[in-house]
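With chain V held as given, fit chain Y onto it using these hints.
The listed protein sequences derive, respectively, from chains V and Y. In terms of the working numbering, the first sequence is residues 1 to 525. In terms of the working numbering, the second sequence is residues 1 to 525.
Hints in this document: simulated from the structure, not taken from any laboratory. Incorrect hints may have been included.
Because identical chains share one entry, a pair is satisfied inside a single copy or across any pair of copies.
Unchecked claim - Think about it this way: if two alpha-carbon atoms lie no more than 27 Å apart in a straight line, the pair counts; the simulated DSS-like pairs of lysine-lysine are:
no.	residue 1	residue 2
1	Lys422	Lys515
2	Lys472	Lys135
3	Lys422	Lys63
4	Lys28	Lys408
5	Lys38	Lys511
6	Lys28	Lys336
7	Lys43	Lys397
8	Lys422	Lys408
9	Lys514	Lys435
10	Lys38	Lys421
11	Lys28	Lys62
12	Lys506	Lys38
13	Lys422	Lys243
14	Lys408	Lys43
15	Lys493	Lys515
16	Lys340	Lys28
There are 2 protein chains.
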Amino acid sequence: MAKWSSQIRGEETWRDVMEWRARIYPDKLAVCSPGTSKQSTFKELNQRVNSLTNALIGLGVKKGDRVAVLATDIPEYIEIASTCKAGNVYVPLNWRLKGQELTYIINDSGANTVFVEEQFCDTIRSIHLQLPQVKHFICIDGSPEDMLSYNELIGSYPSDDPGVEVVENDILTLLYTSGTTGLPKGVIRKHRDTLSHLRMMNEDGRIRNDDRCLCMMPLFHAAMIHVNFAFIMWGATHWLIKKFDPEAIFELVQREKMTWLAGVPTMFISLTEHPSRTNYDLSSLRYIAYIGSPMPVEALRRAVDVFGPIFSQGYGLSENTGETLLTAEDHLIALKEPGKERILFSVGKPLLGCQMRLVDDNDNDVPLGGMGEIIFHSDHIIEGYWNKPEETEQALKNGWLHTGDIGKLDEDGYLYIVDRKKDLIISGGENISSKEVEDVIYAHPAVLECAVIGVPSERWGEEVKAIVALRKGMTATSEEIIDYCVEHLGGFKKPKSVEIRDELPKNPVGKIMKKELREKYWAAP
Amino acid sequence: MAKWSSQIRGEETWRDVMEWRARIYPDKLAVCSPGTSKQSTFKELNQRVNSLTNALIGLGVKKGDRVAVLATDIPEYIEIASTCKAGNVYVPLNWRLKGQELTYIINDSGANTVFVEEQFCDTIRSIHLQLPQVKHFICIDGSPEDMLSYNELIGSYPSDDPGVEVVENDILTLLYTSGTTGLPKGVIRKHRDTLSHLRMMNEDGRIRNDDRCLCMMPLFHAAMIHVNFAFIMWGATHWLIKKFDPEAIFELVQREKMTWLAGVPTMFISLTEHPSRTNYDLSSLRYIAYIGSPMPVEALRRAVDVFGPIFSQGYGLSENTGETLLTAEDHLIALKEPGKERILFSVGKPLLGCQMRLVDDNDNDVPLGGMGEIIFHSDHIIEGYWNKPEETEQALKNGWLHTGDIGKLDEDGYLYIVDRKKDLIISGGENISSKEVEDVIYAHPAVLECAVIGVPSERWGEEVKAIVALRKGMTATSEEIIDYCVEHLGGFKKPKSVEIRDELPKNPVGKIMKKELREKYWAAP
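Pulled out of the complex, with its shape left as it was, chain V reads as follows (with noise of 0.2 Å):
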């Protein structure tokens, strides 16, 4: 038996995590992927690791040195992300991001190997001269000769632990913010925060044992150390899929007796829509969590009707995970007490350990009942980005993490979010949250995108303004709107001007970037 860490007192890291479950659950599907013969026992999935690990040991790769994967959703993603368990520090990389994007985030790592996927091979030959410090190019599913072949390494390194000691301080991970304004930060997120917040994906029975899962948000997302590795820790048995297809999915459901569903909104909405649902059998489903934003009331309870009361949803950034959580029972009081439905446009209450504050701009305490940016203090927050000191002390200004996410708390200790802290429009002396000015705009039949922002008034201070995108086919004047939106809020919420264009800015994963459209407003003269 290899001997672990001389301290007296343990740390767990997903090193422990896999040896463990390896050891409870040696024949016991850990994650399979539907349509291909790819499936790992939790035994089989440790010794794959353990073969990739030593490989990468064997090319020189070091504890503490990152290894960047471009990949859809495949089973050797989880292989790559889990070499972590030898402190190798992985980095996802969005596959829709182009190749400048790529290279930035690749270098500001300092990846020195890099894992692809044969699809996207082409996109890295394309930028590999800008790459100076990555080493070792390695192919998942292919043999292109100017690459290594994943399958040749794992075939020809032995299967034991590489014995490599790691601590709870280390980092697991370098997640890179998509970023709607600045560059990409890499988020740091060390094996204690992680660990922290997969523990609490097992509180009251939200991951089990089991469990027969599907997390349909692709692996290049922080879902991935936050749902995927909670599946894993937690003894269930989990599928990969490679795009979002409703009929695929019920297949699969029904197939697999599956129990447990993530996803965003929308994607429940179609599940719910679709035609063909009623052709399977969708009973053996007992929790759905949905992840990003609230879903739409009636929506919500034409999805209950058909799936039951076995939807939740919790609120966190990469950089401090789940913090709270609306629970199934939250949900069935918010859809049957008179005068609580409320409690579903919240994000619930805080979690384990996750101490919350609503505060302003002084990190003052705001009065009971008054909106704030959302402050945590929590083990699972990070310590800080990498390579960026400024933005670090920013973040973490007085110890506890700042999420430029504007809230506030109802009587019952329930936590609703009311906007960015950037994009709240302050006008005449009131808070206007452009996210509730945009719900409504939304709502107009004829709307298909819109951005709410302040632009500059004399008399106001700000005053709203919505740029609106129109579906094809569709028309509304800027004067309708302003009558729409006049007919569902309070009159000093109404946009002033309503700016109609073909398509609003986004960046690579499809947010709208406000930021570039704030600008023309208020570039200096």
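Okay, now just chain Y, sitting in the frame of chain V:
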């Protein structure tokens, strides 16, 4: 909102657990006491603990001060222990101990406050002159003139969190070992190692938020922070009983639809064999943990027939809590698969982050399949004993907890406890487990108690000796017992001599004092 820690990384403590549960389950029952009107929801429990903590602060009790408790299993016990949320260190006292032993423990701990149930007030009065450092005697369930009243204190102080900053390395409790050798030692348990253990109690559904639980171990036992605290942490409701009475337990299980029981094997044997059992509906039970030792195979078979395949057991000491688990699934494999029955004699496999080795006297790993001292490295082993630097160094040699137990592993990775290290007999170069010989002798119908020890032998180094007490009205000679052993044991393991006595010497909690038995033979001439 109070400002908590100013460090960047949050640390979870019992305070977080109490606050979290009060927030998530304000109206759910936390602790109940059958036959009394005493019950608290999670919010009420937290409020009462806050009032009690504020009262202690009012009396001048500061963070880090020790508060001792002498009481049976009453709800106030949970409240007193939970004042650790403000940094108090609670010291449970075994009410079976005599005045002199209580005096030693209270003084060794340096407690300045002693909580006493009324029935033990005279015991405390008889020793209070020997307790010069105790400033406050608090009677839990009465108002004697010479003590403070628990209920008056709780009623006189506000129920807000006192706002004392506690971190994971603060001490939570001192657990005094019963000690079959030497004086009791105070095992230092901190918030970090305790919470690390408590998290394990949730893994793979061991305790769920919909459980209704009863732990039949006394609250002065380590089970208090290992099991009762786990009920609170995982949002289950639990009941407290003052004594083990099978009929009352059946009645409680039926009435409250209990799901979860813990106790020692003899309790479950009594419940299984009790004639009234079939008068009750016990079908709500889903999990039974037996603690302290394996169960005889036939007794376990009958218990599984009666209660279902819901039994599990683990292995741990006060110094490390549970490190291994033999799951319900393991029990099923053992009972159903040919050749696997031996698994029932094991204590299972190590849990998450529990690193285990079997070593010789020089801490070298023994060959696979061999016997060795069981040593552990994990996040929930202690860092030491209270004011005992030498014993600490010995127990934590090379940073690993030395259990003093001899174990071996089978080919499937299950751990078997062979003996206490100090009880292992080395005769003619063979390791002989005293426990194995005792198990055989105990099976003899005339034997009430027995202890097997090694005594000096010129030829063998040590030789096996049994000391036996017989059942009333039964007879057996030494030769008959030796012959019985020859029938059931390898010849080299049989006792060379058997001494028959009226009774065996025991310590206050009823453990046989082998050390005293050995002394006569090993005393210097």
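Now for the hints, and whether the structure bears them out:
no., hint, verdict
1, Lys422 <-> Lys515, "within (9 Å within a copy, 73 Å between copies)"
2, Lys472 <-> Lys135, "neither (49 Å within a copy, 81 Å between copies)"
3, Lys422 <-> Lys63, "neither (39 Å within a copy, 42 Å between copies)"
4, Lys28 <-> Lys408, "between (44 Å within a copy, 25 Å between copies)"
5, Lys38 <-> Lys511, "neither (34 Å within a copy, 55 Å between copies)"
6, Lys28 <-> Lys336, "between (40 Å within a copy, 19 Å between copies)"
7, Lys43 <-> Lys397, "neither (43 Å within a copy, 32 Å between copies)"
8, Lys422 <-> Lys408, "within (16 Å within a copy, 62 Å between copies)"
9, Lys514 <-> Lys435, "within (12 Å within a copy, 74 Å between copies)"
10, Lys38 <-> Lys421, "neither (45 Å within a copy, 47 Å between copies)"
11, Lys28 <-> Lys62, "neither (31 Å within a copy, 51 Å between copies)"
12, Lys506 <-> Lys38, "neither (36 Å within a copy, 60 Å between copies)"
13, Lys422 <-> Lys243, "neither (33 Å within a copy, 62 Å between copies)"
14, Lys408 <-> Lys43, "between (46 Å within a copy, 22 Å between copies)"
15, Lys493 <-> Lys515, "within (20 Å within a copy, 83 Å between copies)"
16, Lys340 <-> Lys28, "between (42 Å within a copy, 19 Å between copies)"
When the structure is compared with the earlier hints, violations turn up for hints 2, 3, 5, 7, 10, 11, 12 and 13 and for no others.
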